[in-house]
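Q: What follows is the residue order along each chain.
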Amino acid sequence: MIVPLAHVLILSALIFTMGMFCLLVWRRNIIMMLIGIEIMLNAVILAFVGGAAHWGTADGQVFALFIIAMTSAEVSLALALVVYLHRRKKSVNSDDYSTLQE
Amino acid sequence: MKLYLTLILMFPLLGAILNALVGMRLSRPLSQAIACGSVWASFACSAAAFFALQGTARTELFRWLSAFDLNAPVSLCFDSLSAVICLMVTFVSGMIHLYSTAYMAEDKDYVRFFMLLNLFVFAMLLLLLADSLPLLFLGWEGVGFCSYALIGFWYEDEANATAGRKAFIVTRVGDVAFGVAIFWMFRLFGTVSISEINLMGHLIPVCTVTVLGLLLLGGAIGKSAQMPLMVWLPDAMAGPTPVSALIHAATMVIAGVYLLGRFFPFIGISPVVPAVIACIGTATAFYAATCALAQCDLKRILAYSTMSQIGFMMLGVGSGAITAATFHLLVHAFFKALLFMGAGCVIAAMGHEQDIFKMGGLRRNLPRTFWPFLAGAICLAGLPLTGGFFSKDSILVAVYLKGGPLYSALFALAEFTALLTAIYTFRMVYVVFGGERREVHTVPRFMEITLLPLAMLALFGGIINLPEYLGRPGWLAGLLAPLTGIEGVKPGNGTEVILQIVAGAIALLGLAIAHTRYGGGRWRTGERGLPALECNAFFREGWYFDRLYRFLFIRPYDAVSRFLWAGVDEGVFNNSVDALGNVTGIAGRSLGKWTNGRVSLYLASFVGGAVLLLVYFAWIIIS
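Those protein sequence lines, which keep their order, are chains A and B.
For the first sequence, this note's numbering begins at 1 and goes up steadily by one.
For the second sequence, this note's numbering begins at 1 and goes up steadily by one.
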């Protein structure tokens, strides 16, 4: 394998951190927060695939496939929710959706 | 005998239980009949037991307490001493029950009243008949409780309830000493039977007997209102008048004298204890007589005179003259119950006015009350040939024969007290009954009829123990001889006659003094309408003993309780718990603001927690 595992993990951690900052900072737009979550998931998939390549087993790749499937389902559901919430609140700011607490 | 003794106790107890449980549903005459009938039935059983008595009867009904070494059976002891007092108690109680039916005719709480009276008679008889100390203590506390409940019978008035509490608390002080004596005797002898303890007094050091005797004396002075625990008795007059007659004159207050008489074979071993008893008795007799001279309240005069007469009985016990003390105890019960019942008639006639200086002239209005009352008064004053004359004189003779500087001084003080007694008694008679006729309420005839038997017994009570120079030893002395043994020196006939002449002269002198000061309404011409003596607050307030105790005990206790309540309980415990609650509340409220429903904040918290965990793991791995 050309790329060492440590490099893959460092890249994965960097992407994960970026996605996390995107999630935390961009709270005015809930779609951007969803994108942040996707980026974090992709970082995790990358770590799984890197591990699978390193140990030469298929487990990590199977996990990667599962995560991709789960993510597509989650995104479709989340976007449906966003559309619904936008209709009710006329806003995509995440802080406006605090009615569950009241 | 066992049947009689059981029935003596059971009748008043059953009467009390019946009235307590179903009294409210019965008609008034039936409820009263139960109360009176049970006491008179008890009297009949006492009389039957008395005539069947030979020597001393002991019987054990059942085991009451039994644990390890302690064995407290319900054992009764019926000897001549408890027999005569039992007869007296049931008879006087019976008369007062009858009197109460008329006196309480207006009161709607009569069921509670008669229930408590019956319960009192039961407790008193238990006290008299008990052979084991725990049983005696049960009766002792039982009469204390009934006394408390009956002093505060009209509890709506705050003063009455306070007087009840005062009596209860002051007598408790003496009962603590009595309780300590019981425990100590059980440690020493391994038994709580009075008759066995009396036989074992010689087995222990004399100083231990002295201390035990003083502890018993402590109990006796609390119950019998002797110095220094006498402050409760005048206030106890807040109760209904039959209660004053029954409990605070005739029966309960003599329990202390009875206790000391019972234990005399034991405490007589120590030379100190009888001397202390005699000193306390004489001091109380003198103190109470001076206070009675200055009272304006009819019932308080009688209360102080009770205290004074019990002081005489204590003096008799302290001189070793148990027969004389018992004799005075019996006669005193008759004439003091009579005086109180007469006072009840007077107070009813005056429309619940108790100030003697607002009375006067009742001799013509209430002749049927006046004559019995006068009979009681001349007994109290000890005019010659009345019951009170013989009984008081037998005590004085015993003190005189005891000799020695201490007893001679006590004898002189006791004779002076007898003079004061005659003065205050006739002062009361002159002020209440002398003078002009006036308008009064009618008194129920039945109340006045019940006075007559007691007046007869008081006047002729001397017959039960006539002095020896009249031929043969007195009946009571012969009856009590097996218990008391030979009492000191027998008086020569000449000495006793001279002493009786002196006593009679003193009583007549008292009568003369009272006549010059108060006879024929002369007291009305005194300064501000009252003679100088009545203005003497020192005597009227009982030598300021109440204030002294307030200053010495009540105020410090009050201050300590106030500090413990406001300072320690409220200040430390309560406030610290409050502070803890406040801190928790503030913490909870501030943490609660965190859950504001904003997704971004939740996410940030989540990430922060994850970072913390990661830092922690990293720290563990590195170190």
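The reader is advised that the hints may include incorrect statements.
Straight-line distance between alpha carbons at most 30 Å, and here's what the computed BS3-like set of lysine-lysine pairs gives [what the hints assert, rightly or not]:
1) Lys-593/B <-> Lys-89/A
2) Lys-108/B <-> Lys-166/B
3) Lys-593/B <-> Lys-90/A
Which bits of chain A does chain B cover? Going by a derived footprint, with three or more residues having C-beta under 8 Å, they are [said to hold, decoys possible]:
4) 23-29
5) 93-100
In short, the hints are calculated from the structure, not lab data.
In this text the structure is predicted, and so the values were computed from the model without any measurement.
All C-beta atoms in this analysis are idealised placements derived from N, C-alpha and C, irrespective of residue type, glycine included.
Q: All hints, please: hold or fail.
A: Taking the hints in turn, this is what the structure says about them:
1. Lys-593/B <-> Lys-89/A: holds, 24 Å
2. Lys-108/B <-> Lys-166/B: holds, 26 Å
3. Lys-593/B <-> Lys-90/A: OK: Lys-593/B and Lys-90/A at ~26 Å, within 30 Å.
4. 23-29: Holds: 3 residues of the segment 23-29 of chain A have a Cβ under 8 Å from chain B.
5. 93-100: Contact hint for the segment 93-100 of chain A vs chain B: holds, 6 residues under 8 Å.
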